[in-house]
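Peer 1: Take the given structure of chain A and dock chain B to it, following the hints.
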Amino acid sequence: MAAVTARAPKSMFDSGLPGWIYRRLFSSPSNALITILLVWLALMTVPAAFDWLVISSVFDAEGTRACRAIDNGACWALILEKHRLILFGLYPYDQQWRPSIVVGLFLVLIGVSCSRRFWNLSLVPIWIVGIVAIAGLMWGGVLGLTFVPNERWGGLPLTLILSVFGMAFAFPLAILLALGRRSDLPIIKTICVTYIELIRGVPLISLLFMASVMFPLFLPEGMSIDKLLRAQIAIIMFAAAYQAEVIRGGLQAISKGQYEAAEALGLGYWQKTGFVILPQALRIVIPPMVNSLIALFKDTSLVVIIGLYDLMNAAKASFVDPAWRGASLEAYVFIGAIYFLFCFFMSKYSQALEAGFARAEKR
Amino acid sequence: MAGQPMIEMTNVNKWYGDFHVLTDINLKVEKGERIVICGPSGSGKSTMIRCINRLEEHQSGSIVVDGVELANDVKKIEAIRRDVGMVFQHFNLFPHLTVMENLTLAPIWVRKTPKAEAEANAMKYLERVRIPEQAQKYPGQLSGGQQQRVAIARALCMNPKVMLFDEPTSALDPEMVKEVLDVMVTLAQEGGVTMLCVTHEMGFARSVANRVLFMDRGQIVEENTPEEFFHNPQNARTKLFLSQILAH
Numbered sequence: 001m002a003a004v005t006a007r008a009p010k011s012m013f014d015s016g017l018p019g020w021i022y023r024r025l026f027s028s029p030s031n032a033l034i035t036i037l038l039v040w041l042a043l044m045t046v047p048a049a050f051d052w053l054v055i056s057s058v059f060d061a062e063g064t065r066a067c068r069a070i071d072n073g074a075c076w077a078l079i080l081e082k083h084r085l086i087l088f089g090l091y092p093y094d095q096q097w098r099p100s101i102v103v104g105l106f107l108v109l110i111g112v113s114c115s116r117r118f119w120n121l122s123l124v125p126i127w128i129v130g131i132v133a134i135a136g137l138m139w140g141g142v143l144g145l146t147f148v149p150n151e152r153w154g155g156l157p158l159t160l161i162l163s164v165f166g167m168a169f170a171f172p173l174a175i176l177l178a179l180g181r182r183s184d185l186p187i188i189k190t191i192c193v194t195y196i197e198l199i200r201g202v203p204l205i206s207l208l209f210m211a212s213v214m215f216p217l218f219l220p221e222g223m224s225i226d227k228l229l230r231a232q233i234a235i236i237m238f239a240a241a242y243q244a245e246v247i248r249g250g251l252q253a254i255s256k257g258q259y260e261a262a263e264a265l266g267l268g269y270w271q272k273t274g275f276v277i278l279p280q281a282l283r284i285v286i287p288p289m290v291n292s293l294i295a296l297f298k299d300t301s302l303v304v305i306i307g308l309y310d311l312m313n314a315a316k317a318s319f320v321d322p323a324w325r326g327a328s329l330e331a332y333v334f335i336g337a338i339y340f341l342f343c344f345f346m347s348k349y350s351q352a353l354e355a356g357f358a359r360a361e362k363r
Numbered sequence: 364m365a366g367q368p369m370i371e372m373t374n375v376n377k378w379y380g381d382f383h384v385l386t387d388i389n390l391k392v393e394k395g396e397r398i399v400i401c402g403p404s405g406s407g408k409s410t411m412i413r414c415i416n417r418l419e420e421h422q423s424g425s426i427v428v429d430g431v432e433l434a435n436d437v438k439k440i441e442a443i444r445r446d447v448g449m450v451f452q453h454f455n456l457f458p459h460l461t462v463m464e465n466l467t468l469a470p471i472w473v474r475k476t477p478k479a480e481a482e483a484n485a486m487k488y489l490e491r492v493r494i495p496e497q498a499q500k501y502p503g504q505l506s507g508g509q510q511q512r513v514a515i516a517r518a519l520c521m522n523p524k525v526m527l528f529d530e531p532t533s534a535l536d537p538e539m540v541k542e543v544l545d546v547m548v549t550l551a552q553e554g555g556v557t558m559l560c561v562t563h564e565m566g567f568a569r570s571v572a573n574r575v576l577f578m579d580r581g582q583i584v585e586e587n588t589p590e591e592f593f594h595n596p597q598n599a600r601t602k603l604f605l606s607q608i609l610a611h
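Quick mapping for you: the protein sequence lines, in order, are chains A and B. With our numbering as the guide, the letters of the first sequence map in order to residues 1 to 363. With our numbering as the guide, the letters of the second sequence map in order to residues 364 to 611.
Only chain A is shown next, with the shape it has when bound in the complex:
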């Protein structure tokens, strides 16, 4: 107790709220300046944004007139009115329960794939069933479902198809490319290096253009590959080149001793790679890998330029209607929130994954 009484006399800045404020916000002139600036910035933006988003906004689907009348609030009536167009694009209105189920299937597929319990060969049949179910629901033509050509697909299911399948198929391809680039076999190495450098050196937009405009010119007369499939392949190829370089970074971080220990035990190349090297390399690259997956998820919106109705394009379609002209910001905020939810999940998931590994190995 002596130590306590020997302390310097208490001032009001020692403890409690004033103390906290002093220590955290005003402990030096520069800190005080930064605090004041930030408070000023918050005062300038937050109330105005809140006013636009909530207080002055119009939810009434009665709508268009009410929206015209206000000039300082969000017209959420647009979302109420057009959310099905934004979410499902031009998919036949009375059949939109099908893409709704598809979105649910995607969430299940993502959830299962993210769970470490399923990180084994059981993922293969799960994905096959998932893909078949998604294709069946979207296209129809089976089990009494009416056929919907994929020109009419759109919105969130289309974005999920392009991005989730893009990631899922790019991943194994990327692993092979990364391994190939480090291969001792000159032909394989050359092919992988050329592929990666070529694809990585080209913007995704031009790949999509090539896929939609140039590629059909090379095909024989009468043969055509579906536009959506071509865009999907372009996205897979693009993502694979980027992921390959991320994974290669992880491979390089594994010490020579790990390779030698695996070899000394008589493990063959694929056993060594699959059981010893890749599990460690992929763990190391979780943060950059998730970073590029998030980028890929948003990059799928570039399919706008080849006329696919993904979430972004569907949102644009929602406010071309003259009655709703001027409500573009609301549509963008809405799809922005959807993009954000998915990206935020990816970010949180990767953090949880890293923490989980760290906990298990206590390193």
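Everything labelled a hint here was simulated from the structure, so no lab data went into it. Please read all numbers here as calculations on a predicted model, not as lab measurements. Take every hint as true, because none was put in to throw you off.
Heads up, simulated BS3-like pairs for lysine-lysine below, C-alpha to C-alpha not over 25 angstroms straight-line:
1) A:K272 / B:K524
2) A:K227 / A:K298
3) A:K272 / B:K475
4) B:K438 / A:K189
Chain A is faced by these chain B residues, among others (derived, beta-carbon under 10 angstroms):
5) R417
6) V437
7) I443
8) R445
9) F457
10) E464
11) L468
12) A469
13) V473
Cβ atoms here follow ideal geometry from the backbone N, Cα and C, with glycine treated the same way.
Peer 2: Relative to chain A, chain B alone:
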């Protein structure tokens, strides 16, 4: 096949660029023999034993392990590696796998041993290296000495005919050297496994080696029984080396 040596190296040469690491190595190791290799750093002793399981490639001469000649044939190399266990200076355990998984990985996938049998066998070896209670931990949770004992058990789980030890105690804290050496001595006394050990632990050499080799500048300069080697060294370089490591 009786009387065939376990390892036979004939006129083995190896270069790193211009540097001649191994010069005309001739070495015959009989089944069950225990050999200690010592010499100053950079003398090529690690390189020599790493040639035996092809972690290093030799450029000329021949290496025959248990009747199989090492060449560029991947199948043969893998066959030899199955029967040649190796313990590294820096343990090289797989950090993402538990001790048990470290021990059973190769038996299950290389030897095709059923999982239950591989695990029972692994427990047996963990008991032999005196850490059965650590089976479910990850290498990062163990001390250096424990990790090296796990590494020895991992090599033994493949039931090897030859065990190569590449400075197994050099990276350990002094107080952990003994626990690893004890395990190695027990292994040597049980017999059966041919052992080649690069080490500067002269006490270990005295108590278990049949032969001690001294290497310098890529050559085997002297080889003898431990008794003769320590008390009556022939070569001037051996004498100098022994005086340096036994001086303190």
